[in-house]
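Engineer: For chain A, the structure is supplied; the task is to place chain B on it using the hints.
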Amino acid sequence: GDSVTQMEGPVTLSEEAFLTINCTYTATGYPSLFWYVQYPGEGLQLLLKATKADDKGSNKGFEATYRKETTSFHLEKGSVQVSDSAVYFCALQGGSEKLVFGKGTKLTVNP
Amino acid sequence: DGGITQSPKYLFRKEGQNVTLSCEQNLNHDAMYWYRQDPGQGLRLIYYSQIVNDFQKGDIAEGYSVSREKKESFPLTVTSAQKNPTAFYLCASSPRPSGEYNEQFFGPGTRLTVL
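For the record, the sequence lines run as chains A and B.
Residues in the first sequence are numbered from 1 upward in steps of one, following the working numbering.
Residues in the second sequence are numbered from 1 upward in steps of one, following the working numbering.
Next up, chain B with everything else stripped away, as it sits in the complex:
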């Protein structure tokens, strides 16, 4: 089955530790995205990548880092610099990087809790 997988579904970390969230897609999509979801705030864009080895900051990139070494993978690292990392993180991908309407396909999400 084609789709987007995120692992793990639930993640617990101690304050001050870096943590990496996995996102893999087998849809052959060029573009990939990371969003953060908090109650009552909708989705906010953290980082996005239109092509391998290239990525751009979204609206709330501070305290996060990403890499895009392979087309199918876009891991997100939540660093200790992120002030309030507890949230639900969603990864998405899209077949068209720009210039056309952008239907994004979402993974099931990872709920990160920092203790």
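So that you can see chain A by itself, here it is in the shape it has in the complex:
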């Protein structure tokens, strides 16, 4: 079945550092891909999405490119802030209406 694998955390960075969180997927067909963010004690918020190969999703300085050839959707940000500290989830929607989530990567950004 469909699955998502994302890098295990936790990830700890200093403010203004470059961020990459790796995400790869296994799916039949051409899934839509998502990054969600969860701040402490809250629900998930959609951060960005891409619905077809080579699409780039972007929001709040975060970017991810849908790479069909490597089945990847890595999350990047050029300069992280303390306020970016959260848990990040990669997810896909394949042939069904259900979302399949990765296990999440906790990011801590220190001042």
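Derived from the structure by calculation, the hints contain no laboratory data.
Just so it is clear, the structure is predicted and the values come from calculations on it, not from any experiment.
The C-beta atom is built at its ideal place from N, Cα and C for all residues, glycine as well.
Hints may be right or wrong, so weigh each one.
What the hints assert, rightly or not - 30 Å max Cα-Cα, derived DSSO-like pairs, lysine-lysine:
#, chain 1, residue 1, chain 2, residue 2
1, B, Lys71, A, Lys106
2, B, Lys83, B, Lys14
3, B, Lys70, A, Lys98
Said to hold, decoys possible - Computed beta-carbon distance windows for the label pairs:
#, chain 1, residue 1, chain 2, residue 2, range
4, A, Pro40, B, Asn26, 22 to 32 Å
5, A, Asn59, B, Gln56, 23 to 33 Å
6, B, Thr86, A, Pro40, 12 to 22 Å
7, A, Gly29, B, Ser73, 27 to 37 Å
8, A, Lys68, B, Arg44, 38 to 48 Å
9, A, Asp54, B, Lys71, 29 to 39 Å
10, B, Phe12, A, Gly29, 20 to 30 Å
11, B, Ala81, A, Leu46, 31 to 41 Å
12, A, Glu63, B, Thr79, 17 to 27 Å
13, B, Gly40, A, Glu76, 16 to 26 Å
14, B, Thr86, A, Leu46, 25 to 35 Å
15, A, Pro40, B, Arg44, 30 to 40 Å
16, A, Leu46, B, Arg13, 28 to 38 Å
17, A, Thr26, B, Gln56, 19 to 29 Å
Structural biologist: Quick look at chain B alone, frame taken from chain A:
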């Protein structure tokens, strides 16, 4: 404001008791979902509903039950049959039940602790 509300935010119950978690949305979304979140395991789908009076089991439905009598409401009951109910429960909704990309909107969650 449109959104999804879950209540209560924290819930404590004794072992062996059933407990019902509330989820309400005023987004006019057709589909609603319940997830369970445990540390290090991401989100796992418990039940989902694409339309009023219809729902399907997700990946971990055992020990849980739901109802969908109104479009805006999708309560989840954690029964005494659920072996390890302590977790963070998230409700979500989506405007498109199937066939298109599925952007889900999440509520703030309910943390259930069974003593």
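Engineer: Does each hint fit the structure? Answer for all of them.
Structural biologist: Structure-based check of each hint:
no., hint, in the structure
1, Lys71/B - Lys106/A, "violated, 34 Å"
2, Lys83/B - Lys14/B, "holds, 13 Å"
3, Lys70/B - Lys98/A, "holds, 21 Å"
4, Pro40/A - Asn26/B: 22 to 32 Å, "holds, 26 Å"
5, Asn59/A - Gln56/B: 23 to 33 Å, "holds, 31 Å"
6, Thr86/B - Pro40/A: 12 to 22 Å, "holds, 19 Å"
7, Gly29/A - Ser73/B: 27 to 37 Å, "holds, 33 Å"
8, Lys68/A - Arg44/B: 38 to 48 Å, "violated, 27 Å"
9, Asp54/A - Lys71/B: 29 to 39 Å, "holds, 37 Å"
10, Phe12/B - Gly29/A: 20 to 30 Å, "violated, 44 Å"
11, Ala81/B - Leu46/A: 31 to 41 Å, "holds, 33 Å"
12, Glu63/A - Thr79/B: 17 to 27 Å, "violated, 44 Å"
13, Gly40/B - Glu76/A: 16 to 26 Å, "holds, 24 Å"
14, Thr86/B - Leu46/A: 25 to 35 Å, "holds, 27 Å"
15, Pro40/A - Arg44/B: 30 to 40 Å, "violated, 20 Å"
16, Leu46/A - Arg13/B: 28 to 38 Å, "holds, 31 Å"
17, Thr26/A - Gln56/B: 19 to 29 Å, "holds, 23 Å"
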